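J.: In case you want the letters, here they are:
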Amino acid sequence: MTIKTLNCGRAMRLYLNSQSRSNADQESLAKHLEGCAACRQEVLLTQAFRASHARRDAIVGLKANAQERAISAALEEASTTEAAHHSEAAKSSKYGGARVLAAAVVLAAVAALVVRVAWPGSEPSTFQLSPAAPAVLKFAQAEVRALSPAEASWNSEDATLHLKSGSISVSVDPKPHKKFRVLTPRFSVEVTGTRFVVTSDSVSVTEGHVRIRAVDGTVLAEQLAAGGRWSLNGTEEKSPPPLSPTQATISTTARPNEATSLQTPGASAPTPDEMDAWLKAAARFIADGNAGQARKLLERVLAAAPTGAEKARAQLLLGDCARLDGNAVGASEHYRQSSRTATDPSEGDVALFSAAVAAADAKDRVRAKTLFQSYLTRYPKGTLRREAKLRLAELQAE
Amino acid sequence: MKQTLAIAPPKSPTALDEVPGGDALIDACRRGERAALDVLLRRHTPSIERTLARLVGHAADRQDLLQRTLILAVRQFPTFRGESRVSTWLIGIAVNVARDHVRSGARQKALELLPSDAQLAQSGSSPEHVLRDRQLLGHIERHLSALSPKKRFAYILGVLEGHPVEEVARMLSVPVMTAKSRIFLARRELRQRMRKDPALAESLLESSL
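So the protein sequences, as listed, match chains A and B. Taken in order, the first sequence gives residues 1 to 398; the numbers are from our numbering. Taken in order, the second sequence gives residues 1 to 209; the numbers are from our numbering.
Everything labelled a hint here was simulated from the structure, so no lab data went into it. Note that the coordinates shown come from a computational prediction; the quantities given were computed from them, not determined experimentally. Keep in mind that a hint or two might mislead.
What the hints assert, rightly or not - DSSO-like cross-link-like pairs, simulated, lysine-lysine; straight-line CA separation at most 30 Å: (1) A:Lys381 / B:Lys180; (2) B:Lys180 / A:Lys31; (3) A:Lys296 / A:Lys311; (4) B:Lys196 / A:Lys31.
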């Protein structure tokens with residue numbers, strides 16, 4: 001190891017930029033600090049500032065419930081914005097002169113969407129959707145995304161989306177006594193709470209169930225359930241039987257660019273790529289707030305003889321599912337199991353810290369303290385060590 | 001008196017951006033999906049809160065500032081282009097909120113931002129320690145408060161929080177060279193101040209802080 005002689009500027013740059021510091025740099029820096037009173041003084045001052053702030057955080061940092069209140073207020077804002085969009089959409093449709101309905105309901109991605117007023121008067125506006133634009137249209141309790149270039153219009157009075165051409169993915173929030181309908185030129189789909197894909201001649205259901213009628217009102221499919229597919233040419237596929245780890249067919253078509261189709265023929269075990277795809281699909285379900293679907297996938301991963309790393313990822317995501325369900329105790333346990341099996345230190349680092357935070361959220365102070373202490377012992381240079389020290393100090397001060 | 005110095009400043013908190021499903025989560029946040037925002041805000045709130053505390057002190061209205069930051073983040077998420085890490089972007093919003101707070105003259109005097117005697121006492125220290133801690137904390141806060149807000153923000157983000165200078169520049173919405181220069185000027189000014197107060201750092205290391 002070569003120990004270089006450093007000037008003050010280089011020494012302080014090395015001190016302040018720990019990420020690009022090698023062992024040789026470390027030695028050179030230590031040597032410089034031994035002999036340079038000015039740099040030594042600056043290092044001392046920097047450390048003093050950091051220690052001072054850490055101490056003050058531990059004493060007067062905002063408690064978890066204060067942070068919780070701030071988060072709730074922000075999420076309330078998110079809901080209000082969403083509600084405002086809905087109300088604006090309804091208003092726009094009610095007054096015939098307002099023909100920019102689509103523009104009103106598209107969130108901030110409006111620029112990415114081509115909006116066109118098709119005809120005047122009281123008829124609803126027609127708009128075009130493109131899968132290239134990651135926009136989501138919100139109509140009452142439904143979210144609509146394009147899977148191929150589509151043309152549609154919305155009538156708020158009977159909660160009906162008229163799909164003229166193209167294919168869309170629809171996700172409907174279940175609300176009692178509120179129906180939502182997608183009308184195509186040849187059939188209509190009635191739903192109360194589900195997720196499905198509609199093209200001009202077929203329907204695939206990924207969640208919940210739907211009823212399909214012909215334009216004259218005849219029922220074409222009484223109840224098409226999750227996993228089922230119906231098409232105009234007469235094929236109706238029933239929901240597949242529960243999937244075993246070795247016979248899996250999963251289709252998540254809720255997002256145009258997130259379509260995942262995994263097939264494992266015969267009795268062969270899933271490949272690492274397939275396991276990776278399952279985990280990613282589960283992460284997407286979590287991002288959508290759908291803990292139930294994510295959990296099903298993750299349980300499948302755990303049942304399919306996963307590697308240590310896959311098991312750790314699955315447990316980490318199961319922890320996220322439990323968090324979404326408001327089950328902090330369960331989340332803490334899953335995160336802890338993830339940290340035990342993680343082979344990648346950075347994943348174990350996050351998992352163990354999350355386990356401690358979840359335990360603190362569950363008001364289990366003893367467990368939280370133990371887990372924070374374990375974190376600091378196991379990852380003394382962990383990226384979350386400062387947070388862990390602060391949270392531990394806060395717990396000890398309570 | 002010579003001491004062995006621990007020379008490992010904190011790393012920038014990158015891990016929070018690298019958790020599984022991060023990209024999908026951010027996409028969902030852009031679409032304004034509440035569940036995704038909930039998960040993401042929970043991950044980042046502790047670091048946002050800590051940064052705000054560094055920038056404006058432990059003011060009583062810190063919770064309002066945190067709330068304002070999170071609300072702005074929710075409103076502005078659709079415009080997040082992913083050119084920086086989401087943590088950098090969120091801290092950038094917190095910096096703007098803190099800057100407005102400071103500009104409005106709401107920043108209190110340094111000593112008013114310190115923990116009260118009662119709060120220090122609650123931490124389990126003896127009365128002598130409480131007094132000594134209070135004096136030392138007052139000393140430190142005065143040095144930082146003496147810097148101009150621009151230099152202080154750059155110093156706090158770049159040196160005390162350990163963010164790389166490129167990220168500091170993004171957080172402050174200034175060119176990289178400007179961020180570098182502000183950090184350098186802040187360090188130089190503090191160094192000069194230290195020369196006039198050489199006992200401070202040594203005594204701090206010996207204290208319980």
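J.: Against each hint, give a clear statement of whether it holds in the structure.
T.: For each hint, the structure was consulted:
Among the hinted pairs, A:Lys381 with B:Lys180 is consistent with the structure: their alpha-carbon atoms are about 26 Å apart, no more than 30 Å. A C-alpha spacing of about 25 Å is found between B:Lys180 and A:Lys31, which places the hinted pair at or below 30 Å, so the restraint holds. As the CA atoms of A:Lys296 and A:Lys311 are separated by approximately 14 Å, the hinted pair is consistent with the 30 Å bound. Taking the CA atoms of B:Lys196 and A:Lys31, the gap is about 25 Å. The hint holds against a cut of 30 Å.
Hint check: no violations occur; every hint is consistent with the structure.
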